[in-house]
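2 protein chains.
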Amino acid sequence: MENVISLKRHSVVRAGKTLEVFEAIKTRRSIRAFTNEEVSEEEVRKLIDAARHAPSAGNIQPWEFVIVRDPERKHRLAVAALNETFIEEAPVVIVVCANEVQSGLGYGARGIALYCLQDTAAATQNMLLAACALGLGTCWVGAFYEEDVRKVVKVPKGVRPVAIVPVGHPAEKPNPRPKRSISEIVRYEMF
Amino acid sequence: MENVISLKRHSVVRAGKTLEVFEAIKTRRSIRAFTNEEVSEEEVRKLIDAARHAPSAGNIQPWEFVIVRDPERKHRLAVAALNETFIEEAPVVIVVCANEVQSGLGYGARGIALYCLQDTAAATQNMLLAACALGLGTCWVGAFYEEDVRKVVKVPKGVRPVAIVPVGHPAEKPNPRPKRSISEIVRYEMF
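Residue numbers (the numbering used here), protein chains in the order written: chain A, 5 to 195; chain B, 5 to 195.
Careful: at least some of the hints might be erroneous.
One copy or two, either will do: identical chains are not told apart, so a pair holds if it fits within one copy or between any two.
[Said to hold, decoys possible] In silico EDC-like cross-links for lysine to aspartate or glutamate, where the CA-CA straight-line distance does not exceed 16 Å:
(1) Lys183 / Glu92
(2) Lys155 / Asp74
(3) Lys183 / Glu45
(4) Lys50 / Glu27
(5) Lys161 / Glu27
(6) Lys158 / Asp74
(7) Lys30 / Glu76
(8) Lys50 / Glu188
(9) Lys50 / Glu76
Honestly, the hints are just simulated from the structure, not real lab data. Please read all numbers here as calculations on a predicted model, not as lab measurements.
Between the sequences and the hints, there should be enough to build the whole structure, so can you do that?
Written as structure tokens, this is what we have:
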């Protein structure tokens, strides 16, 4: 089944088309192994373009992205992310940052502690789905020392690194992860 | 242009197909006016199914959803959301909740203050895109009194309401909002 989906996706992407929404949502996997094939600047721009179309509180769009291709800098990001070395094996690593100053100006403490994180997460999810649709693999990495990442890509005060997303061509086909069932996560009218 | 997209989407949905990823990402709008047309239980399940396929830290899936159709309860949610009355005009209102206990067990304070919010935001974004693909309109509402929402749908301790999403058939076609340009939000290698 995975192979069928993968082959289908490959031929779809080669034909210049991309995936249908539900197919992208359901077939996206966290990819932690990448081939040597490059990721073009045009592809990166498509990912960022998808990201910036996310909704945001008050349309503030508190997102900033750092595109990292330099091997030494990718290595330092991998070290900051608890030595997850697969990160530096991706041709491109995108550091997603939340602009706390902007969300704070608009909405105070709730802006900084909630909207800013939700808005950048929605943008990140758009990016992962767009990558999947283009046949690229990604992994949303949230476990890292923020101060270290801050130093590596020189994140200014008032901006916070919230996710590291390596992007490359998948060199693995992970099985679907088990998911909580719909009946387990849904209530009607109240808890 | 909006009309063309809307007509195209309508015919696509009627043909049993849904939107391509980039089209959904780029044509999704925040909808604040709804027709009287119902939203089926099957459609709601498709939205939740999309939501639960989001990535989450450690695959913890710290999301819980409350589906509200009762007019009185929808009214109370609208009041809790700073009197945004369009919320109660939607046939269905989904309250997205973050299970802080689960994320906290896995990742402590960072789990509660970050992953839990990011994971539920990714799930919410999946839901909005899925709705758009089905021809449904949604609006991500983040501004509400949490304690009031908690009472309305009886959210237990350790779980936090993080978003209110009215869902219905769009009765408006908002223009695209202005977006920050790619060059404004992207840096290469560092800030």
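Hints and how they fare:
1. Lys183 / Glu92: neither (29 Å within a copy, 31 Å between copies)
2. Lys155 / Asp74: Classified as within; 15 Å inside a copy, 51 Å across copies.
3. Lys183 / Glu45: neither (34 Å within a copy, 20 Å between copies)
4. Lys50 / Glu27: between (19 Å within a copy, 12 Å between copies)
5. Lys161 / Glu27: Neither way: lysine 161 and glutamate 27 sit 39 Å apart in one copy and 35 Å across, limit 16 Å.
6. Lys158 / Asp74: within (14 Å within a copy, 50 Å between copies)
7. Lys30 / Glu76: neither (34 Å within a copy, 35 Å between copies)
8. Lys50 / Glu188: between (36 Å within a copy, 15 Å between copies)
9. Lys50 / Glu76: Neither: 25 Å inside a chain and 44 Å across chains, both beyond 16 Å.
Violated hints for the displayed structure, listed by number in ascending order: 1, 3, 5, 7 and 9.
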